[in-house]
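Given chain A, work out where chain B should sit, using these hints.
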Amino acid sequence: MDSRLVGQPRPRAEDQRLVRGQGRYTDDMNLPGQAYGAFVRATHAHAVIRGIDIEAASQAPGVIAVLRGQDYLDDGLRGMDHIPNPADAVAFKERAFPDSLTGSVFNQRHLPLVVDRVRHVGEPIVLVVARSAREARDACEMVLIDYDPLPAVVDAVQAMDEGAPQLWDGAARNLCFQARVGDEAAVREAFARAHRVVRREFRNSRIVNCQMEPRSALGSFDAGSGEYLLISGSQGVTRQQMCIADALGIPPAKLRVVSPDVGGGFGPRSCVNPDQLAVLWAARRVGQPVKWTSDRNEAFLSDYQGRDQVIRAAIAFDEEGRILGIDNEIIGNVGAHTVSYVPLANGSRIMTTVYHVPAATALLSAVLTNTPPTGPYRGAGRPEATHVMERMLDVAADEMGMDRIELRRRNLIQPSQMPYRSPMGLTYDSGGFAANMERALLVSQWSEAPARKREAQSRGKLLGTGLANYVESPVGAPRERIEITIGADGRVDFVVGTQSTGQGHETSFVQVLADELGVPFEAVTMRTGDSLFVKVGGGSHSDRSMRLVGHLLLQAGEQLRAAALTAAASMWGIDAQGLRYAGGRVRDEAGQREAGLGEIAAHIERAGMPGHPEEHRFFAAAEFNGRIAAHPTGTAVCELEIDPETGDVEIVRYTSIDDVGRPINPLIVEGQVHGGLAQGIGQAFLEDYHVDPESGQIFSGSYMDYGVARAGAIPRRFDVELTEDRTHGNALGVKGGGESGITPATAAIFNALADALRDITHEELPMPATPAAIWSALQRAQEARS
Amino acid sequence: MIRVELRVNGEAVSREVDDRTLLVELLRYELGLTGTHVGCDTSQCGACTVKLDGAAVKSCAVLAAQASGGEVLTVEGLSTPQQLGEVPAAFVACHGLQCGFCTPGMMMAIDYYLDTDGSLDDERIHQALEGNICRCTGYVNIIEAVKHAAHARIEAGKPVGRQHG
Numbered sequence: 001m002d003s004r005l006v007g008q009p010r011p012r013a014e015d016q017r018l019v020r021g022q023g024r025y026t027d028d029m030n031l032p033g034q035a036y037g038a039f040v041r042a043t044h045a046h047a048v049i050r051g052i053d054i055e056a057a058s059q060a061p062g063v064i065a066v067l068r069g070q071d072y073l074d075d076g077l078r079g080m081d082h083i084p085n086p087a088d089a090v091a092f093k094e095r096a097f098p099d100s101l102t103g104s105v106f107n108q109r110h111l112p113l114v115v116d117r118v119r120h121v122g123e124p125i126v127l128v129v130a131r132s133a134r135e136a137r138d139a140c141e142m143v144l145i146d147y148d149p150l151p152a153v154v155d156a157v158q159a160m161d162e163g164a165p166q167l168w169d170g171a172a173r174n175l176c177f178q179a180r181v182g183d184e185a186a187v188r189e190a191f192a193r194a195h196r197v198v199r200r201e202f203r204n205s206r207i208v209n210c211q212m213e214p215r216s217a218l219g220s221f222d223a224g225s226g227e228y229l230l231i232s233g234s235q236g237v238t239r240q241q242m243c244i245a246d247a248l249g250i251p252p253a254k255l256r257v258v259s260p261d262v263g264g265g266f267g268p269r270s271c272v273n274p275d276q277l278a279v280l281w282a283a284r285r286v287g288q289p290v291k292w293t294s295d296r297n298e299a300f301l302s303d304y305q306g307r308d309q310v311i312r313a314a315i316a317f318d319e320e321g322r323i324l325g326i327d328n329e330i331i332g333n334v335g336a337h338t339v340s341y342v343p344l345a346n347g348s349r350i351m352t353t354v355y356h357v358p359a360a361t362a363l364l365s366a367v368l369t370n371t372p373p374t375g376p377y378r379g380a381g382r383p384e385a386t387h388v389m390e391r392m393l394d395v396a397a398d399e400m401g402m403d404r405i406e407l408r409r410r411n412l413i414q415p416s417q418m419p420y421r422s423p424m425g426l427t428y429d430s431g432g433f434a435a436n437m438e439r440a441l442l443v444s445q446w447s448e449a450p451a452r453k454r455e456a457q458s459r460g461k462l463l464g465t466g467l468a469n470y471v472e473s474p475v476g477a478p479r480e481r482i483e484i485t486i487g488a489d490g491r492v493d494f495v496v497g498t499q500s501t502g503q504g505h506e507t508s509f510v511q512v513l514a515d516e517l518g519v520p521f522e523a524v525t526m527r528t529g530d531s532l533f534v535k536v537g538g539g540s541h542s543d544r545s546m547r548l549v550g551h552l553l554l555q556a557g558e559q560l561r562a563a564a565l566t567a568a569a570s571m572w573g574i575d576a577q578g579l580r581y582a583g584g585r586v587r588d589e590a591g592q593r594e595a596g597l598g599e600i601a602a603h604i605e606r607a608g609m610p611g612h613p614e615e616h617r618f619f620a621a622a623e624f625n626g627r628i629a630a631h632p633t634g635t636a637v638c639e640l641e642i643d644p645e646t647g648d649v650e651i652v653r654y655t656s657i658d659d660v661g662r663p664i665n666p667l668i669v670e671g672q673v674h675g676g677l678a679q680g681i682g683q684a685f686l687e688d689y690h691v692d693p694e695s696g697q698i699f700s701g702s703y704m705d706y707g708v709a710r711a712g713a714i715p716r717r718f719d720v721e722l723t724e725d726r727t728h729g730n731a732l733g734v735k736g737g738g739e740s741g742i743t744p745a746t747a748a749i750f751n752a753l754a755d756a757l758r759d760i761t762h763e764e765l766p767m768p769a770t771p772a773a774i775w776s777a778l779q780r781a782q783e784a785r786s
Numbered sequence: 001m002i003r004v005e006l007r008v009n010g011e012a013v014s015r016e017v018d019d020r021t022l023l024v025e026l027l028r029y030e031l032g033l034t035g036t037h038v039g040c041d042t043s044q045c046g047a048c049t050v051k052l053d054g055a056a057v058k059s060c061a062v063l064a065a066q067a068s069g070g071e072v073l074t075v076e077g078l079s080t081p082q083q084l085g086e087v088p089a090a091f092v093a094c095h096g097l098q099c100g101f102c103t104p105g106m107m108m109a110i111d112y113y114l115d116t117d118g119s120l121d122d123e124r125i126h127q128a129l130e131g132n133i134c135r136c137t138g139y140v141n142i143i144e145a146v147k148h149a150a151h152a153r154i155e156a157g158k159p160v161g162r163q164h165g
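Chains as they are written, first to last, in the numbering used here: chain A, 1 to 786; chain B, 1 to 165.
So that you can see chain A by itself, here it is in the shape it has in the complex (with noise of 0.2 Å):
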């Protein structure tokens, strides 16, 4: 492979129609004859409905058909089965949590349309289709549900108590599992002979997407092939079309999934949603297609949710600082529905991060509550473990009297140490654990941050610095597929199954493709997002995307490249041993004969395919079923001060030092670690998704009132470097870029907050950490004192 694109920051390709308004995003497209619809949603957070009269609103101007669940029912279908319990992230045939304390794991199909019990607010009663949007949604406020409403329970660890209000026959107590990960007796004596056991509780709050584009789908049914057609924006159509042709009793074949540009996926569009499902079944019923999106009110209440676990963490350390055992107790919030249990999957496998930790436990509780589900958001349970492992540290140092970058060079992972297995069973193959904190206090110009405190000082603001090691385990649906055709005319044409919400697959797979085959990055076209050609593909998350698409590729150039010095060779009737390719050409050694890839493809389809005569397309294949692991891993440095006036933050400066592996396109990682890093910014001072513990009520509604990340909001100083240390574990050495930025964020600048109010109070803020929350902090230590 020739390196001319590889490694090179190039524009996207895709921009080019991205920027003119010429987007194809879901809402965008149109059926002939589509009907439109409109969900009534719970207003009780919990309650039994007596009644849905729908009478007014089936006579409503423009009303074609009002849908309740029971319809759904009677017609003799199901729910949907989001199959929560992940592979296992070592032993990926197997289920991460292949038994539960409390007896077995629950699974709860889960409907398009609730038949007799809302579970949260915002959860979809019935569906209106009418002639326009206005009119579904007019007739919507016709429908009147009689509700009896319910005790509601929001907060995961009071859902857990005895008495607590319960959701599901099933889940005693709220539980969709418990279970006990790692060697548990080991760390009971590990913590037996420490010198010193640090312990403290987090909130990890809970996020709300917020991707741009609004969910939206438009669906429709031929009654003459009885084919079903679905288009949506996803993270990825094969998993949209199993769940959904489960729900319909059909075989897959007879649903396309359409996936166009999507504007946004961070996690938790790789899962189905009801509302996807509710329109194929309501153009079905109909007769006609139906399409609904999604305005930003209904995203608050029903798009799928992040985060939002409780983490008891205790380490036990020795004498000297080291790390002798880990018990922490991780209580994940799964919302009203079984969903997604890979945030506690991940957060657990990954919970001793770059640190060498002999023994490590952890309980972990997936429970249920009044509010809407949670899935898998940027990093999935790595922030998570990252946040509690890091400010861990720093507390520790505190109460030992340690510095806290010395208590880490103590306890960091060394290079001799390589390949390293963690006590909860992942394999490092790489990573210069010790050498990316060492650069990044240099380049955050660590050591001098004293002066520049005592500066901040004179001025009145309290500055802190905070330091977060860090290291992904990103895993992902394990079955990937690629397939590559050249024309005649040259072209390279290929299908792949994963899918891009803005990373750039246009343009990074093309980089690999293009210099594999040693061809012009514009001869190459990339299909996907449409299961009429897309038959395997696991998606894009968990960082899978180039780590499995790059090491296919490579295969199959290898294979392409084969066959074409085959064909020529048959092409020339000479033998195939004096002949080279390079360039995209093939070329015998005395230099008379040559053909492009565009001629041999010519005479393939004439003549067939070297070694299968019964192709005639100049094609190659590669496939992949299985787990190809890579360990991103970095450092981030926070630099920030605090206005205790008003409890007003700005973060001065901000380091990043990133491993990705092999960067394939810098400027497109490098934009991944912004975007990561905005959202943990957004997470640690702004995003407050607010629901009422008594009544589950949501009060973050709209962007009026949930804190989105604006401009402002960045710092201005920000400095990403990326090291490359390559993973042995693919072919390309790459590792992965989508989530170095947003792993370590919370954590970094958790630590400066606690940095910058150390002499004033040890006190654990809360998340996010707002002007108000700061302010209080403040004025509860200085009460304490006076």
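No lab work stands behind these hints, which were simulated from the structure alone.
Glycine residues also receive a C-beta, built at the ideal position from the N, C-alpha and C atoms.
Hints are not guaranteed to be accurate.
Pairwise CB distance ranges (calculated) [as the list claims (entries may be wrong)]:
| hint | chain 1 | residue 1 | chain 2 | residue 2 | range |
| --- | --- | --- | --- | --- | --- |
| 1 | B | R3 | A | R131 | 44 to 54 Å |
| 2 | A | G460 | B | E123 | 12 to 22 Å |
| 3 | A | P61 | B | E16 | 11 to 21 Å |
| 4 | A | E650 | B | R162 | 27 to 37 Å |
| 5 | B | R3 | A | D295 | 25 to 35 Å |
| 6 | B | R162 | A | A56 | 53 to 63 Å |
| 7 | B | T80 | A | L532 | 29 to 39 Å |
Listed next, the stretches of chain A that the computed footprint assigns to chain B, with coverage defined by at least 3 CB atoms under 8 Å from CB atoms of chain B [what the hints assert, rightly or not]:
| hint | stretch |
| --- | --- |
| 8 | 210–217 |
| 9 | 707–719 |
Below, chain B without anything else, positioned relative to chain A:
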């Protein structure tokens, strides 16, 4: 129903629409100009920003009827098939977009900023983008794109910061 007559990207348009039709709905669903996006329903996100009579407006907060008689510029009018405009070209060069959904509104707000201010001061740029949310990029590259586009305009001999909408 009400008749609205306006110019969109230089072309005269006349339509009979429901009274409550928003400008963004007219653009997207009547005229098929789907480059202008709807990202919220409280005029907070700015994805629907267009220029109306030279001023950046959120087209989800303007009735189509209110825009009647006006001159509208949308993202489709920033470039020609042959050439990207300065702001779209800057977004490509600086990697100022990822999923691309907020981008059209973001670019219209920036186009207006370059018309009326165009200062390269970060604080001023932050203020100009206060009404536009991006969930992907972290804004760093968008701010770069603003500066890049300002330079490109000056090089092209076009005014920066002189027109007042």
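Here's how the hints hold up against the structure:
1. B:R3 x A:R131: 44 to 54 Å: For R131 (chain A) against R3 (chain B), whose Cβ atoms are near 22 Å apart, the range 44 to 54 Å is violated.
2. A:G460 x B:E123: 12 to 22 Å: Check passed, 20 Å falls within 12 to 22 Å.
3. A:P61 x B:E16: 11 to 21 Å: At 18 Å between Cβs, range holds.
4. A:E650 x B:R162: 27 to 37 Å: holds (33 Å)
5. B:R3 x A:D295: 25 to 35 Å: holds (27 Å)
6. B:R162 x A:A56: 53 to 63 Å: holds (57 Å)
7. B:T80 x A:L532: 29 to 39 Å: Check passed, 34 Å falls within 29 to 39 Å.
8. 210–217: holds (count 5)
9. 707–719: Since three or more residues must qualify, the claim that chain B covers the stretch 707–719 of chain A holds, with 8 doing so at under 8 Å.
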